[in-house]
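Engineer: The residues making up each chain are set out below.
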Amino acid sequence: ECPGTGSAQAGRAAACQGCPNQGLCAAGAAGPDPAEVAELRARLRAVRHTVLVLSGKGGVGKSTFSALLAHGLAADESKQVALLDIDICGPSIPKMMGLEGEQVHQSGSGWSPVYVEENLGVMSVGFLLSSPDDAVIWRGPKKNGLIKQFLRDVDWGEVDYLIVDTPPGTSDEHLSIVQYLSATHIDGAVIVTTPQEVSLQDVRKEINFCRKVKLPIIGVVENMSGFVCPKCKNESQIFPPTTGGAEKMCQNLNVSLLGKVPLDPQIGKSCDRGQSFLAEAPESPATLSYRNIIQRIQEYCEQHHFQEEKIM
Amino acid sequence: TLAERTNLAGVQHILLVLSGKGGVGKSTISTELALALRSTGKRVGILDVDLCGPSIPRMLRVQDSAVHQCDSGWVPVFVGQDKAIALMSIGFLLERPDDAVVWRGPKKNALIKQFITDVAWGDLDFLIVDTPPGTSDEHISTVEALRPHKPLGAILVTTPQ
Numbered sequence: 010e011c012p013g014t015g016s017a018q019a020g021r022a023a024a025c026q027g028c029p030n031q032g033l034c035a036a037g038a039a040g041p042d043p044a045e046v047a048e049l050r051a052r053l054r055a056v057r058h059t060v061l062v063l064s065g066k067g068g069v070g071k072s073t074f075s076a077l078l079a080h081g082l083a084a085d086e087s088k089q090v091a092l093l094d095i096d097i098c099g100p101s102i103p104k105m106m107g108l109e110g111e112q113v114h115q116s117g118s119g120w121s122p123v124y125v126e127e128n129l130g131v132m133s134v135g136f137l138l139s140s141p142d143d144a145v146i147w148r149g150p151k152k153n154g155l156i157k158q159f160l161r162d163v164d165w166g167e168v169d170y171l172i173v174d175t176p177p178g179t180s181d182e183h184l185s186i187v188q189y190l191s192a193t194h195i196d197g198a199v200i201v202t203t204p205q206e207v208s209l210q211d212v213r214k215e216i217n218f219c220r221k222v223k224l225p226i227i228g229v230v231e232n233m234s235g236f237v238c239p240k241c242k243n244e245s246q247i248f249p250p251t252t253g254g255a256e257k258m259c260q261n262l263n264v265s266l267l268g269k270v271p272l273d274p275q276i277g278k279s280c281d282r283g284q285s286f287l288a289e290a291p292e293s294p295a296t297l298s299y300r301n302i303i304q305r306i307q308e309y310c311e312q313h314h315f316q317e318e319k320i321m
Numbered sequence: 060t061l062a063e064r065t066n067l068a069g070v071q072h073i074l075l076v077l078s079g080k081g082g083v084g085k086s087t088i089s090t091e092l093a094l095a096l097r098s099t100g101k102r103v104g105i106l107d108v109d110l111c112g113p114s115i116p117r118m119l120r121v122q123d124s125a126v127h128q129c130d131s132g133w134v135p136v137f138v139g140q141d142k143a144i145a146l147m148s149i150g151f152l153l154e155r156p157d158d159a160v161v162w163r164g165p166k167k168n169a170l171i172k173q174f175i176t177d178v179a180w181g182d183l184d185f186l187i188v189d190t191p192p193g194t195s196d197e198h199i200s201t202v203e204a205l206r207p208h209k210p211l212g213a214i215l216v217t218t219p220q
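For the record, the sequence lines run as chains A and B. When we follow our numbering, the leftmost residue of the first sequence carries the number 10, and every step to the right adds one. When we follow our numbering, the leftmost residue of the second sequence carries the number 60, and every step to the right adds one.
None of these hints come from the bench; they were simulated from the model. All residues carry an ideal CB built from backbone N, CA and C; glycine is no exception. Don't take each hint at face value.
Some but not every residue of chain B turned toward chain A, in silico, with C-beta under 10 Å [stated by the list, open to error]:
1. Q122
2. S124
3. H127
4. A159
5. K167
With the rest of the complex left out, here is chain A (with noise of 0.2 Å):
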């Protein structure tokens, strides 16, 4: 009896000996092994709060949004803040950060995430290359090993927020972090789109993704939704939300609506330049939108976390 291909037995079964199929199921075959998933476990038991960044679909403001947040979540010192990047091909947290040409260390205790403030540190794989235009080429095993590396050997010492960003799509660096990170637990998913049809499609296949591999679902924040002009102060729907936006993909799927976030030439600017937004506009729509949706998931963090220890 086939096992099914997506089993963590695929490929490995005394069933799949002679099907055609064996190879690929064995090569793509789920899962971290136990000892592995355990040495995770110690290394991120300092790390209190996980959020990871999605969306399915590229160019909505993945990366923006997981600097600000972890901007934003840094504005209180007291608070120790992680940002990891897993997105191996376009990483672009260094940029945004303002960290590039910034080099990895290593220490006794593990390689050392680069520091934006104290309470505030980086990792991506943008830090390892020699020039921020080498292209990384690699296939999903070799991306998997990175990600593994990165969770295993980085020295992030106590973290009250470990923040990952991801590339679009659901594949192996989704797939590899959920596995991962099983080894900890992850407080949840927010999930990021703009307004048009032609993301949200994707937008619900990265739905979907979570509540196959049970992550839970923080919210989904609409990027680019609506551009104020600064000069006549006119409202204008740059992606007009023709199915209903994110607002209704949300209550079609029971989820829910974190934010809208306007469209603001600040945001791509500030990026650019790797100053964070938040800091560089403080008056902005955009700005406030941030913040609420950022302080809405400090809450919903924040639950979760007294939740668990009642049950403790």
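With chain A's structure known, arrange chain B on it following the hints.
Structural biologist: Chain B in isolation, oriented as in the chain A frame:
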């Protein structure tokens, strides 16, 4: 193999649309390029190898179509006003449009090879290959499988930032 030579033998020019970055308009450009070429009377096909986020079917309003097999392989879906643009996408193989394709590299590679060798494209002036963001499995496999067919080249899409 004979089948590999046969199914792409009638295709004159293969163009890849790449970026690296997501959300810059690869699928949009691929679609508009196909429509523009078609409007000049060229025979055009689109191969959508974005397995996780296939956008082309919706852009051409055929998200509810299904594909059929013939002797030489899969029959593409014909789209556009005169139903003359041939399209293949994983979007057509999903049971439900919201189903996530959660595959690791090796499985993606296998399907991409099939898309390149087992679709009965017929005679085309242009085959436009739309890709997902990144430089990973899909891109390596697509370029490797297309190499014997000597693609014309790649168009790179970006935004200003």
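Engineer: Hint by hint, which ones does this structure get wrong, listed from lowest number up?
Structural biologist: As far as the earlier hints go, 2, 3 are violated by this structure, in ascending order.
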